[in-house]
Amino acid sequence: EDQVTQSPEALRLQEGESSSLNCSYTVSGLRGLFWYRQDPGKGPEFLFTLYSAGEEKEKERLKATLTKKESFLHITAPKPEDSATYLCAVRIGGGADGLTFGKGTHLIIQP
Amino acid sequence: EAGVTQSPTHLIKTRGQQATLRCSPISGHTSVYWYQQALGLGLQFLLWYDEGEERNRGNFPPRFSGRQFPNYSSELNVNALELEDSALYLCASSLGGASYEQYFGPGTRLTVT
Chain H
1 EDQVTQSPEA LRLQEGESSS LNCSYTVSGL RGLFWYRQDP GKGPEFLFTL YSAGEEKEKE
61 RLKATLTKKE SFLHITAPKP EDSATYLCAV RIGGGADGLT FGKGTHLIIQ P
Chain A
1001 EAGVTQSPTH LIKTRGQQAT LRCSPISGHT SVYWYQQALG LGLQFLLWYD EGEERNRGNF
1061 PPRFSGRQFP NYSSELNVNA LELEDSALYL CASSLGGASY EQYFGPGTRL TVT
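Chains as they are written, first to last, in this note's numbering: chain H, 1 to 111; chain A, 1001 to 1113.
If we strip away everything but chain H, and leave its shape as in the complex, we get (with noise of 0.2 Å):
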């Protein structure tokens, strides 16, 4: 079965702390990883698209890599203003299904 599962659970980390969000997949013929932020009580808000093992992208303190085994996705001197929740999804071989999604890593940024 496919399975998208995301480390650690929850994160607090003081203001200008780095890190790294993890995302481990095992899925056959993927066809997409997808990284989203979600404030509570309101929707995704997607972040990034990584199509192939050895692509990253980046957004202001964000980064996010692939293996072909996970994804990363690193918080470079963060905000308190990145705190949120983290969602990493996949779409499999096929794009016939929705996406599959972690159940997220739950980030507190400490002034």
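For the record, the hints were derived by calculation from the structure and aren't laboratory data. Note that CB positions come from ideal geometry on N, CA and C, so glycine has one too. Be aware that one or more of the hints could be misleading.
Computed beta-carbon distance windows for the label pairs [to be verified]:
{"no.": "1", "chain 1": "A", "residue 1": "Gly1052", "chain 2": "H", "residue 2": "Ala53", "range": "34 to 42 Å"}
{"no.": "2", "chain 1": "H", "residue 1": "His74", "chain 2": "A", "residue 2": "Glu1053", "range": "36 to 44 Å"}
{"no.": "3", "chain 1": "A", "residue 1": "Ala1080", "chain 2": "H", "residue 2": "Arg61", "range": "41 to 49 Å"}
{"no.": "4", "chain 1": "H", "residue 1": "Gln110", "chain 2": "A", "residue 2": "Asn1079", "range": "44 to 52 Å"}
{"no.": "5", "chain 1": "H", "residue 1": "Pro111", "chain 2": "A", "residue 2": "Thr1111", "range": "47 to 55 Å"}
{"no.": "6", "chain 1": "H", "residue 1": "Arg12", "chain 2": "A", "residue 2": "Ala1002", "range": "34 to 42 Å"}
Position chain A against the provided structure of chain H, taking the given hints into account.
Frame of chain H, contents of chain A only:
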């Protein structure tokens, strides 16, 4: 550019009733996806509509159904509501087919009492 919109924001129903949720995609997007986000379970894929047709559905019973209209807006119907149907229902849209990013709306919070 307007994003994905959903209505109503909140919906309270009694067990056994029917609920109807609505979604308007981003202009130019032809695919609409529905997801359920129940507490502690993460987002679960419900349904995918593209060009007015149901293309695929997730592991949910038939009482979850919907449709897509000619203007690409969509409706999700949940019949014979059960307490465990209480969740945030999210709609997403994409440019179409299966290779594009999905953009989410704010969701409809359904509470079944």
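How the hints compare with the structure:
At about 37 Å, the CB distance of glycine 1052 of chain A to alanine 53 of chain H agrees with the hint of 34 to 42 Å. For histidine 74 of chain H and glutamate 1053 of chain A, the Cβ-Cβ distance of about 40 Å falls inside the hinted range of 36 to 44 Å, so the restraint holds. Between alanine 1080 of chain A and arginine 61 of chain H the beta carbon distance is about 46 Å. The supplied range of 41 to 49 Å therefore holds. The given range of 44 to 52 Å is respected by glutamine 110 of chain H and asparagine 1079 of chain A, whose C-beta atoms sit roughly 46 Å from each other.
Proline 111 of chain H and threonine 1111 of chain A have their C-beta atoms about 34 Å apart, which leaves the hinted 47 to 55 Å range violated. Between arginine 12 of chain H and alanine 1002 of chain A the CB atoms are about 36 Å apart, so this pair conforms to the stated range of 34 to 42 Å.
Going through the hint list in order, the structure does not satisfy hint 5, though it satisfies all others.
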